[in-house]
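J.: Quick note, the sequences are listed as chains A and B, same order.
The numbers in numbering that gives the first Met the number 0 rise by one with no breaks, and the one at position 384 of the first sequence is 383.
The numbers in numbering that gives the first Met the number 0 rise by one with no breaks, and the one at position 14 of the second sequence is 13.
By construction, these hints were calculated from the structure, which means they are not laboratory data.
Be aware that a few hints might be false.
[Stated by the list, open to error] To spell it out: a stretch of chain B is covered by chain A in this simulated footprint if at least three of its residues, at any positions, have a beta carbon under 8 Å from a beta carbon of chain A; those stretches are:
(1) 129-143
(2) 168-177
[Stated by the list, open to error] Computed list of lysine-lysine pairs in DSS-like fashion (alpha-carbon distance at most 30 Å, straight line):
(3) B/K182 x A/K227
(4) B/K178 x B/K189
(5) A/K359 x B/K178
(6) A/K354 x B/K111
(7) A/K359 x B/K182
[Stated by the list, open to error] Taking beta-carbon pairs under 10 Å as the criterion, some of the chain A residues facing chain B (in silico):
(8) L244
(9) S312
(10) A315
Using N, Cα and C, we set each Cβ at its ideal position, and we do this for glycine too.
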Amino acid sequence: MARHLGIPVTAVRIALVVLLSFNGLGLLLYAVFWAVLPQQLSTGARTRRDLALLLPFGAIGLGVILLQGLLFGDNGVAGTAGWLIAVTAVGAGVIWHQSDPTRRGQWADASPQAPWLAAVVAESDRRSFLFRFIGGGVLVAVGVIGILAVYAPAGNLSAVFNGVIFALVGLLGVGVVVAPLLWRTFSQLRSEREGRIREQERAEVAAMIHDQVLHTLALIQRNSTDIKEVQRLARGQERSLRNWLYKPSASPTERFAAALEQASAEVEDTYAISVETVVVGDTQCDESVAALVAAAREALVNAARHAGVQTVSLYAEVEAEELSVFVRDRGAGFDLTTVEDTRHGVRGSIVGRMKRHGGKAVIRSAPGDGTEVRLTLPVSRESVTAGKETAR
Amino acid sequence: MTEPVAEENRRLTVFLVDDHAMFRAGVRAELGAHVEVVGEASTVAEAVTRIAATTPDVVLLDVHMPDGGGRAVLDAMRRSHPQVKFLALSVSDAAEDVIGLIRAGARGYVTKTISPDELAAAIRRVADGDAVFSPRLAGFVLDAFASRPDVPVADPELDQLTNREREVLRLLARGYAYKEIAKELFISIKTVETHVSNVLRKLQMSNRYELSRWAADRRLV
Numbered sequence: 000m001a002r003h004l005g006i007p008v009t010a011v012r013i014a015l016v017v018l019l020s021f022n023g024l025g026l027l028l029y030a031v032f033w034a035v036l037p038q039q040l041s042t043g044a045r046t047r048r049d050l051a052l053l054l055p056f057g058a059i060g061l062g063v064i065l066l067q068g069l070l071f072g073d074n075g076v077a078g079t080a081g082w083l084i085a086v087t088a089v090g091a092g093v094i095w096h097q098s099d100p101t102r103r104g105q106w107a108d109a110s111p112q113a114p115w116l117a118a119v120v121a122e123s124d125r126r127s128f129l130f131r132f133i134g135g136g137v138l139v140a141v142g143v144i145g146i147l148a149v150y151a152p153a154g155n156l157s158a159v160f161n162g163v164i165f166a167l168v169g170l171l172g173v174g175v176v177v178a179p180l181l182w183r184t185f186s187q188l189r190s191e192r193e194g195r196i197r198e199q200e201r202a203e204v205a206a207m208i209h210d211q212v213l214h215t216l217a218l219i220q221r222n223s224t225d226i227k228e229v230q231r232l233a234r235g236q237e238r239s240l241r242n243w244l245y246k247p248s249a250s251p252t253e254r255f256a257a258a259l260e261q262a263s264a265e266v267e268d269t270y271a272i273s274v275e276t277v278v279v280g281d282t283q284c285d286e287s288v289a290a291l292v293a294a295a296r297e298a299l300v301n302a303a304r305h306a307g308v309q310t311v312s313l314y315a316e317v318e319a320e321e322l323s324v325f326v327r328d329r330g331a332g333f334d335l336t337t338v339e340d341t342r343h344g345v346r347g348s349i350v351g352r353m354k355r356h357g358g359k360a361v362i363r364s365a366p367g368d369g370t371e372v373r374l375t376l377p378v379s380r381e382s383v384t385a386g387k388e389t390a391r
Numbered sequence: 000m001t002e003p004v005a006e007e008n009r010r011l012t013v014f015l016v017d018d019h020a021m022f023r024a025g026v027r028a029e030l031g032a033h034v035e036v037v038g039e040a041s042t043v044a045e046a047v048t049r050i051a052a053t054t055p056d057v058v059l060l061d062v063h064m065p066d067g068g069g070r071a072v073l074d075a076m077r078r079s080h081p082q083v084k085f086l087a088l089s090v091s092d093a094a095e096d097v098i099g100l101i102r103a104g105a106r107g108y109v110t111k112t113i114s115p116d117e118l119a120a121a122i123r124r125v126a127d128g129d130a131v132f133s134p135r136l137a138g139f140v141l142d143a144f145a146s147r148p149d150v151p152v153a154d155p156e157l158d159q160l161t162n163r164e165r166e167v168l169r170l171l172a173r174g175y176a177y178k179e180i181a182k183e184l185f186i187s188i189k190t191v192e193t194h195v196s197n198v199l200r201k202l203q204m205s206n207r208y209e210l211s212r213w214a215a216d217r218r219l220v
């Protein structure tokens with residue numbers, strides 16, 4: 000009907016309720032409109048629900064008929080009572096209307112002219128739901144108390160108390176009727192939402208396994224004769240799964256820890272060794288931090304190429320005054336004095352680079368006793384951030 | 000890292016708890032030369048009954064298992080069998096997994112990628128009542144116990160590491176063996192072991208926010 004008139008449903012209904020007071024004119028109008036314009040509301044499967052929709056207004060009508068009857072008994076007090084009954088009925092109507100979620104959706108459909116109304120009615124927000132529920136309850140209570148107060152013209156207090164008690168009983172009754180409906184509605188919504196989330200997660204896991212794990216397994220089967228290659232593939236896959244499971248992703252260009260982890264991952268991939276990376280604390284990357292990471296990477300590459308071992312340890316710690324990185328292997332080692340100055344890897348990429356950025360590199364090694372490269376870089380205080388909680 | 004074995008004549012008895020049969024078989028084969036594997040179990044319930052029956056020196060305990068994981072086994076056994084030592088073993092190395100087991104009473108933690116020799120050494124160390132930290136766990140402990148101005152220290156005895164303990168942990172995180180740490184710091188291996196055991200105690204008893212947070216996240220406390 001509202002759609003037909005092009006005005007909000009609520010406005011129509013308020014108008015009708017107002018009209019009701021004029022000897023049931025509104026009721027009459029409503030009935031006429033409802034009879035004349037059946038297709039607007041009762042299309043298809045909605046018929047049954049729309050009949051239910053009429054219930055509150057039936058209640059209102061009842062109230063008004065009562066009002067008429069009382070008016071004919073020319074009793075002013077009784078007239079007021081009729082009004083109050085109408086108020087009660089409206090409250091009950093509001094509650095009743097709220098109790099059915101499917102009808103809320105229906106509301107949204109039925110009121111295209113009033114999107115705001117649809118938004119209000121089709122909400123899934125429990126709070127405003129509760130708010131309106133309580134509002135309806137208050138209306139009912141006011142109505143019932145009013146009626147009782149009116150029927151006790153002496154104005155004695157016990158009648159008012161009785162009224163309150165009756166109102167509470169009435170509310171309780173409504174609550175009992177509506178509670179199971181509410182409960183079912185909420186659990187339905189909840190399980191629906193949970194199901195959606197689960198489905199999303201499952202899809203994400205499936206995509207990851209398909210893109211990465213299955214792919215790696217296929218590669219491993221194809222390269223099963225090449226032990227180094229199998230090791231490299233397995234290690235790379237392990238790393239990416241681990242990242243996926245445990246680590247918040249951080250950009251290697253921004254964070255020290257992420258940059259180190261990326262460097263060791265690259266070395267692992269290239270040289271088929273494993274790098275045990277432990278980073279304590281974290282900080283922002285700047286130019287000298289990037290140089291430190293590059294030097295550490297070079298040290299890892301040297302260990303991978305010359306030490307002849309499967310595992311290299313990388314340990315980095317962010318302290319208040321300095322960053323330190325230790326790269327250690329238990330491999331062949333070498334005699335520092337025999338390394339010629341032309342060996343670019345150690346002199347230029349590690350020692351020189353650290354020196355240029357105000358840090359230093361110390362290399363300890365002896366033939367047969369492994370090698371350890373210690374890199375330290377002093378930092379300005381403000382660049383150390385409270386990033387510790389992102390580190391594992 | 001080969002450590003002098005105090006009683007070579009008495010082989011340590013070890014019990015394996017892991018729900019992957021392949022992993023148990025692998026460990027059994029690797030450890031056969033070093034220790035005596037007296038039993039294995041694949042479920043929490045099985046582990047609880049069979050550990051009680053065999054009373055091994057050390058239980059190698061998988062962190063992740065159905066029905067509560069290694070934590071459930073620890074909870075069931077710690078009271079009734081205090082003489083049995085537990086060494087946690089996991090692939091994950093994630094702090095929140097490890098901290099729960101340590102706080103429930105495990106004497107140490109190693110990753111499943113550890114070499115057989117190192118695993119045997121770790122078992123011996125745990126059996127002797129000392130503690131075992133993987134490099135990553137050492138790094139994590141340093142992180143969790145980092146002195147921060149915004150975190151109030153309730154109990155300095157438990158909530159802070161001494162400088163020496165910090166140094167030892169740093170070297171552990173750098174991949175040093177106990178012997179190498181002792182040499183580096185000019186102390187005895189026994190002293191290194193004492194420091195690590197003290198750190199383990201702090202890890203188990205401290206109420207530092209980071210530790211309780213991780214534990215609470217997994218409903219471990």
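J.: Run every hint past the structure and note whether it holds.
T.: Checked hints:
1. Here's how the stretch 129-143 of chain B fares: 7 of its residues keep a CB closer than 8 Å to some CB of chain A, so the rule of at least three is met and the hint holds.
2. Taking a C-beta to C-beta cut-off of 8 Å, the stretch 168-177 of chain B contributes 5 residues in contact with chain A, enough for the three needed, and the coverage statement holds.
3. Only pairs whose Cα atoms come within 30 Å are accepted, and B/K182 paired with A/K227 is rejected, the gap being roughly 34 Å.
4. At most 30 Å may separate the alpha-carbon atoms for a hinted pair to count; B/K178 and B/K189 meet this at roughly 10 Å.
5. Using a Cα cut-off of 30 Å, the hinted pair A/K359 and B/K178 holds, with the two alpha carbons roughly 27 Å apart.
6. For the hint pairing A/K354 with B/K111, the CA-to-CA distance comes to about 39 Å; that exceeds 30 Å, so the pair is violated.
7. For a cut-off of 30 Å, the pair hint linking A/K359 to B/K182 stands: about 24 Å separates their Cα positions.
8. Evaluation of the A/L244 hint against chain B yields a held restraint, the C-beta minimum of about 8 Å falling below 10 Å.
9. With a cut of 10 Å, the hint placing A/S312 at the interface with chain B holds, because the nearest CB-to-CB distance is about 3 Å.
10. With 10 Å as the threshold, the beta carbon of A/A315 comes within range of chain B, its nearest partner Cβ sitting at about 9 Å, so the hint holds.
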